[in-house]
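Going down the list, the protein sequences come from chains F and A.
All letters in the first sequence, in the order written, are residues 1 to 250 by our numbering.
All letters in the second sequence, in the order written, are residues 1 to 221 by our numbering.
These aren't lab readings, by the way, just hints derived from the structure by calculation.
Check each hint, because a few of them may be wrong.
Label-pair ranges, simulated between beta-carbon atoms [unchecked claim]:
#1 Glu97/F <-> Thr183/A: 58 to 66 Å
#2 Glu95/A <-> Arg93/F: 52 to 60 Å
#3 Lys66/A <-> Ser80/F: 37 to 45 Å
#4 Lys19/F <-> Val56/A: 48 to 56 Å
Quick caveat, the model's predicted, so the values are computed rather than measured.
Just so you know, even glycine gets a beta-carbon here, dropped at the ideal spot from N, CA and C.
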Amino acid sequence: MDETDISFFKDGLRLDGRKADQLRPVKIEVGVLARADGSCYIEMGGNKVIAAVYGPREVHPRHLQEATRAIVRYRYNMASFSVEDRKRPGPDRRSQELSKVSREALEPVILTSFFPRSVIDVFVEVLQADAGTRTAGINAAAVALADAGIPMKSMISSCAAGKVADTIILDPMKEEDNFGQADLPIAMTPGGDITLLQMDGGLTPDEFQRAVEMAMKGARDIYEMQREALVKKYSQMVEQPGREEVHVCD
Amino acid sequence: MDRKVVVPGDLLSEDAKRSGEGTYVKNGSVYSLLYGLANFRDKINVIPLAGKYVPVPGDNVIGVVKDITFSNWIVDINSPYDGLLHISEFPKRIESEEMSKHLHIGSSIMTRVTDVDPTMKVELTLNDKKLGLIKAGQVIEISHTRVPRLIGKGGSMISMLKKEVNCNIFVGQNGRIWIHGGTEDMDLALKTITLIDREAHTNGLTDRIVDFLKTEKGARS
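So that you can see chain F by itself, here it is in the shape it has in the complex:
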């Protein structure tokens, strides 16, 4: 199918100099938004994503309320300037689907039964896209949920694997995603329970097996970085306390 003149490998390395099973550089910052209950900014290669969590809070509109548990709302949105050609703003088919699958990737670990009749809102804004925004969004959202003090059975980490030039690769970047043969994003707990698995393109059963294993390894590495970011936020709070304010009411 892809008789393009792009070569994906040079001297055994990828176009950006990575090995086949190497992640792009990741940067995670916790608590970047003062008004959100929890927030996180993440850079995964060229992806720049910000996640904000609000809640548990009262549900509006009322009819969405559940008597015995909290509902989770997840909004994935791409900024109009996040891609080369302007993205028409607002929800579209793609972002609605991503919102749904991302929500379902996180919901299994959230203890919604602790907060009946409430809602946990997760907002994910893609500022710059470079293939793998859903995985970046889920990673950021999981950290933001932890930052908001929401009880969870575990963290969720997400990573994609792909296939280009008949080779299985980890964390495809834009060129590899656009002109590659397959893309396989997953999300999972550090214990190895998969909560999201999608596939675009074609893989043989054997390739599929290897791609899932590779993506799981990537997700475990990302989990360590998520953890590290959260621990770092705490030690910064101890070293230079006082960025949070006390409100004086009248």
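Since chain F is already given, all that's left is putting chain A on it; use the hints.
Structure of chain A alone, referenced to chain F:
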């Protein structure tokens, strides 16, 4: 005391009996539910660094009346759930028509949670000498996760603070705190509580607060 920063899903112990607050048990092992500080004593408790206040019966809280219905005041208690103060829980017997005369929308009250049902209907009372309408003083808001630190072990911190700053202080479990006293005393109390809020997760806090109060008072006289 052994303390450690943990994130959700961290393994805390392989002894299921040590499961305390903020933890859960799976396959006989204890894991953290929260991002926060784990305290390893007989039981392992995880204290969150953030989160919303969820009312528990017996909690003293400070609320603001936000609506009045036929027989209830609806009270904002800084939580995802509103409190309901029934007319019969008002210290005096009053008529339904007179409700807004006694507590109108915007009134701040010191109140207590009497009951929380599974659907999170929160019932409040004013039937105690300590409780009632706030007529003077200041109300400040801190994160409810810091309230245990402000109270201290067996109330050590708060009773010391009350004595030292010469103020009346009412601590709501929802993170709202009422202070009443002389202008300068209230300023000092406010400063001290801000400090406690900021440094809630550090060791030996009570001693440092005592020192802080000493120097502040020394500077004043």
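Taking the hints in turn, this is what the structure says about them:
1. Between Glu97/F and Thr183/A the beta carbon distance is about 59 Å. The supplied range of 58 to 66 Å therefore holds.
2. Checked against the given bound of 52 to 60 Å, the beta carbons of Glu95/A and Arg93/F, roughly 58 Å apart, stay inside it.
3. Distance hint for Lys66/A and Ser80/F: a CB-CB separation of about 38 Å, consistent with the stated range 37 to 45 Å.
4. Hint check: Lys19/F to Val56/A, Cβ distance near 53 Å, so the stated range 48 to 56 Å holds.
Consistency with the previously given hints is maintained throughout, with no hint failing.
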